[in-house]
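Protein chains: 2
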Amino acid sequence: MLSNHLQNGIETARLVWSRLPSSEEGERTEIELPSHSRGAESLDYEVIENYAYREAQAQRGKLWVSYYVVLKWLFSLIIGIGTGLAAVFINLAVENFSGWKYAATFSIIQHSYFVGFLVYILFNLGLVFSSVYIVTKFAPAAAGSGIPEIKGYLNGVDTPGILLFRTLIGKVFGSIGSVGGGLALGKEGPLVHTGACIASLLGQGGSKRYHLSSKWVRVFESDRDRRDLVTCGCAAGVAAAFRAPVGGVLFALEEVTSWWRSQLMWRVFFTSAVVAVVVRSAMNWCKSGKCGHFGSGGFIIWDISGGQEDYSFQELLPMAIIGVIGGLLGALFNQLTLFITSWRRKYLHKKGNRIKILEVCIISLVTSVISFGLPLLRRCSACPDSEMSPGIECPRPPGTDGNFVNFYCAKDSEYNDLATIFFNTQDDAIRNLFSAKTFHEYSAQSLVIFLVMFYSLAVVTFGTAVPAGQFVPGIMIGSTYGRLVGMLVVKFYRKLNVEEGTYALLGAASFLGGSMRMTVSLCVIMVEITNNLKLLPLIMLVLLISKAVGDFFNKGLYEEQAQLRGIPLLESRPKLYMRNMTAKEASKNQKVVSFPRVVKVGNIVSVLRSNKHNGYPVVDQGQNGETLVIGLILRSHLLVLLQSKMDFQNSPFPCDMRGINRHNFSDFVKPVSSKGMSIEEIHLTEDELELYLDLAPFLNPSPYIVPEDMSLAKVYNLFRQLGLRHIFVVPRPSRVIGLITRKDLLLEERDHSATTELQSTSHPLLDSLLNQE
Amino acid sequence: MLSNHLQNGIETARLVWSRLPSSEEGERTEIELPSHSRGAESLDYEVIENYAYREAQAQRGKLWVSYYVVLKWLFSLIIGIGTGLAAVFINLAVENFSGWKYAATFSIIQHSYFVGFLVYILFNLGLVFSSVYIVTKFAPAAAGSGIPEIKGYLNGVDTPGILLFRTLIGKVFGSIGSVGGGLALGKEGPLVHTGACIASLLGQGGSKRYHLSSKWVRVFESDRDRRDLVTCGCAAGVAAAFRAPVGGVLFALEEVTSWWRSQLMWRVFFTSAVVAVVVRSAMNWCKSGKCGHFGSGGFIIWDISGGQEDYSFQELLPMAIIGVIGGLLGALFNQLTLFITSWRRKYLHKKGNRIKILEVCIISLVTSVISFGLPLLRRCSACPDSEMSPGIECPRPPGTDGNFVNFYCAKDSEYNDLATIFFNTQDDAIRNLFSAKTFHEYSAQSLVIFLVMFYSLAVVTFGTAVPAGQFVPGIMIGSTYGRLVGMLVVKFYRKLNVEEGTYALLGAASFLGGSMRMTVSLCVIMVEITNNLKLLPLIMLVLLISKAVGDFFNKGLYEEQAQLRGIPLLESRPKLYMRNMTAKEASKNQKVVSFPRVVKVGNIVSVLRSNKHNGYPVVDQGQNGETLVIGLILRSHLLVLLQSKMDFQNSPFPCDMRGINRHNFSDFVKPVSSKGMSIEEIHLTEDELELYLDLAPFLNPSPYIVPEDMSLAKVYNLFRQLGLRHIFVVPRPSRVIGLITRKDLLLEERDHSATTELQSTSHPLLDSLLNQE
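Just so you know, the sequences run in chain order A and B. Going by my numbering, the first sequence wraps up at 773, each residue one higher than the last. Going by my numbering, the second sequence wraps up at 1546, each residue one higher than the last.
Next comes chain A alone, as it looks inside the complex:
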């Protein structure tokens, strides 16, 4: 149908782009985006429709679809098992390193406190050094928590290297070093990253670089499938870190993912449950005593189900105060870390890896000195009366962890309250702070000292070149002031059945709420780690307040950090000013660069060199000589075509598309975390530059369009909800061919079987192009 015009039209239309100034690239760089940013258009919508893919799909039978579905679930299973095992491994390693450290230190300080101090410092320094060395030399992307980057990935922005095999390794071993080395950071965020790495590696069929790859598992070509797997991985990470399967699902849903489909939910839940089974089995195995210092453990990390069951209305005021404190301290934490991280990135980390390593080692030294030295300055307290408080072992024998640590005490029946939280593993310290039936265990002075010191350490440690989670430090900080408030409540409301441990838990929730601003998932995680469903309403109250207070000052920790790292997240709602802008105004500074259907290779190259656009409209001429937009071609696909050279042709006329199925579709799929090709890497001879390329088989024939005067808010909704990458702004249409309403979309398949049978499987536009010859 288009044929009679193509012969003539091709010449006139061919150089549409050449009329455009070559310098228009500068006009689109108003915001400096990181060059690695990519759209998250799921391939289903944009890329998948090109002719090559349709042909490839058609060759795949039903067996392939079954294989694909089975593999999806199998991968979810493997992600669960892998993340669970990684969590168990990290846990065992950390607990054992810490155990050896404290056992050695305790046995040495029986003879000399100074030698014990040295051993303690060196042990910590060694672990921390190993961590920072691994990260800086081997896996730079493993530094930090990784959650902002994963969030960005799921929102559509790749950070290079974030999902590589080496990052996975760096994360696991780095975490062991940094947490075992006693720094003020946690292993939970890194576990989320670990889960995501495992998922991503599975999704792309293993690591090619390390020859751990097979074509049998490389079936997830679409960006959406890979994103789904990474979402599963994140949920698995949280589930493994906190042994909270439901919390993991909600975390993935609320905090990490940008596009959520209900079909995915069940798979994510499955992965989380697998993690729970794996971790629980490992715990059972540990009960037989094979796990060394890890001991037997329990599935619930900090079980306070024996604590306060009830609350009276007078207690709501102190609980609200805890919420306010959490909001203030959390917002301050975000602000301070933002400030320090940006300073660090600007001045410190530019000077190379040595500075990074040195920095971490100094922080490790300071942390060791504080955590060893401060308890020395505290006076020990007498153990609680064993008759009044049955079941409490006080003091613990040296070399074991637990409550009521005897450290630098004159008498055997004394304990050092500061050492109980400071000179202990994190898990034990939190367990002690949460502990019920232990009134007056801590002096207010010790808690204040610990709060100030640990808060400062956590702020300073954040952003260094080691894997670092913020959950556990947050819980430590929060439970300290929570317990402080609890002590006051015990003092003022003497008659009530108040447990300081419950207030510590609420404090932990409030700080995390004030810093991370998560709500539902945090609530559920707090419930699951403490196994006390009855505290849910109180946790909610505290979270509501702390989030509201925090939101008054700044954004959540992950958003702040993502912004700092230049990860441009698209929020789920359009900004208010967008209501008053039109699509045309939003794109008015652009000069649109179009390609004709058949284009000279040399012209493609010069266009790709002259600008950085990622997509180009393709125009052709219709029956009556008018120009028609026939689709969108992606830069990355043009690069693949230029590199393969397979489709170059001598004639400036459209090719016969039936013969073009030479491309494997996977050629067009960009590996995760790679930067993709660049036009500079492609070398073409002079002769090749004179050849032609027919773009029709490779374009997306119908990208979404909006009329020029649609408000930008509506365009934003379209873009964000559908996860698009390009929208064409077009002139207001001259007529309406039809209206699509609910009725038109509710036709049952049987009503259309006749229609479908008559049609070929390829796209109608392409058919019409094919039939033109």
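If you are wondering where the hints come from, they were derived from the structure by calculation, not from laboratory data. Keep in mind it's a predicted model, so treat the numbers as computed, not measured. Heads up, some of the hints might be wrong.
Computed cross-link-like contacts, SDA-like style, restricted to lysine to any residue with a CA-CA straight-line distance of at most 25 Å [unchecked claim]: (1) B/K1307 with A/L92; (2) A/K534 with A/W260; (3) A/K584 with B/L1495; (4) A/K534 with B/K1063; (5) A/K555 with A/V460; (6) B/K1516 with A/W260; (7) A/K612 with A/K555; (8) B/K1385 with A/R735.
Fit chain B to the supplied structure of chain A, relying on the hints for placement.
Below, chain B alone, put in the same frame as chain A:
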């Protein structure tokens, strides 16, 4: 700008629609949709943009926005409190009615079984009759569970009367009668509906009919706000029914809602938590013994936290078998109920309310006879040795509920195992089936009898004219065969620590999974009602299997029922055949009826009479005389305009829009659950028919458009993801004015403050229209 053409063009463009055949209505009725179906376009996207609304919004200050936000949260709070109180009220009433019933029956059968039997039957009949009478005479929409209708409402389809005040009343009192009357149905589904009704009534500012309304609370004009509230209500209903706040949130998320926004999640969670607080406070209040037969209760309905903690790998096989049985029986249940309900609708319920009442009364009689008579035929068993099983009270004294019911037994130390489950309240029966440490309590024979009889009763009762939930019957059925399998497991794996109660729980999960096909929310609900987090992986395993088996046969219960009731739900994914259709093909049987911008009133009336379309494109002429589509006008808005007559004008030229702000925006908002106006109800004089109406201020200036050859699957995604109601199919564009990419949407507000200031708040197109004079 358009001015010079409007004078001439108006005459030529005016009768665009009149060229169309008036019979085109018939061409769009290929599927018979219920006349009440409406789109779920949130007003934000479609309606809200008209000029009148923008003006109304502009008059509202910041104070109004704060008020609006506060009211949103306040309403969530009220929904939580209201639903919680409703649940407590229903619970107390049901338990007390049942308590009196059983107490009376037990005391009478000491003397005469026959008189006791009569009293039992009459008591049940009275309660059931009151229920069916209320429902049929007063609130016909209160019949059934209501979940399919609510699901439809949130998907965009109104069922008339489903959210009225009378429905709420009918649901609450109907539930009490039907559940208290011992029918094989539950009160959980109706509670979801109750929560939704409360939410909807709040959202529309009370019930006008019963003069429970105030303009101060009528601020939720947008469909989306109301939908959000209803979602909160659903979550509150589940939270109240099962005392499972997290399960409620997930139920709303997974099963009910169609458009989920993460901002909503926190509000839904808040509502659920409020419900938890209310219910818990009521429970505490009941502990003082003020609740009569309800007793003290506990927040956890069926606490089995003392049960089986661990499981061995041999047990996975019987658990998988439970899953398969659940899938089979669940699918069979769906099929049978579908069949019976459709038969009932076709033949029985057409004959009027008397038949409906008679039907329910007969079912009540049959149920009473079976539940009283069958236990009489069973031989009693001896109570377990009180030394072997400490803490078990056997038998219970007559007149109290509980385990080991003594009914028609020769000796005092005997109990009737069938009466324990059949002649008992539902809650107690389930508690007994779930109970741990009660080996060999039931004989296999009793369980099989109960399973067959109760299954049949549940199938027959489903679809009658009383409020009826399927959760509790499902749990009863499932736990029966679960316990049967558990008994076999105890027999075969003697050495293992197996609890029959755990298998009963798994059976319950499997039946619900096989019938309702919910996954995550069901899992969490099961965990929350039993307070045993450790069983989560097992529940998941069973659910995975039962859902997969069930899906092999048919759709979920709610989908089947929604389909039967003619509620056309849009699924989240496009159907496969849509990939091979274009937008044009989907709408090819339509003749599009357009309006010119200024149109004669008489013409509007005749167009509205001649077809049933809900939206019409409006065309006008551009600068160069070409036609331009300037927007979409809704039928409902035209009806409002025709009725008010305020905007009729003598001149056939565009009006001055600055003066048109005579409409209150709420005029355009259709009350929930009303059928809306009809053109037949509007009476216009001959003179009025000769006047003109300028549609420009009332149209949506930029509905979403798609090019004619876009695949229907993509159109579906656009329609479904954005919750649209109308999409214009337009010709392929001739040029691309701009490309919207991520960069264009990430501009910060400050970059555009200059632009925004220069612009007025109204829409650019409208401005250009205004400036034309």
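Structure-based check of each hint:
1. B/K1307 with A/L92: 22 Å, holds
2. A/K534 with A/W260: Since the Cα atoms of A/K534 and A/W260 sit roughly 30 Å apart, the hinted pair is violated (cutoff 25 Å).
3. A/K584 with B/L1495: 21 Å, holds
4. A/K534 with B/K1063: Answer holds: A/K534 to B/K1063 is near 23 Å, not above 25 Å.
5. A/K555 with A/V460: 20 Å, holds
6. B/K1516 with A/W260: 23 Å, holds
7. A/K612 with A/K555: 32 Å, violated
8. B/K1385 with A/R735: OK: B/K1385 and A/R735 at ~21 Å, within 25 Å.
Hint violations for this structure: numbers 2, 7, all remaining hints satisfied.
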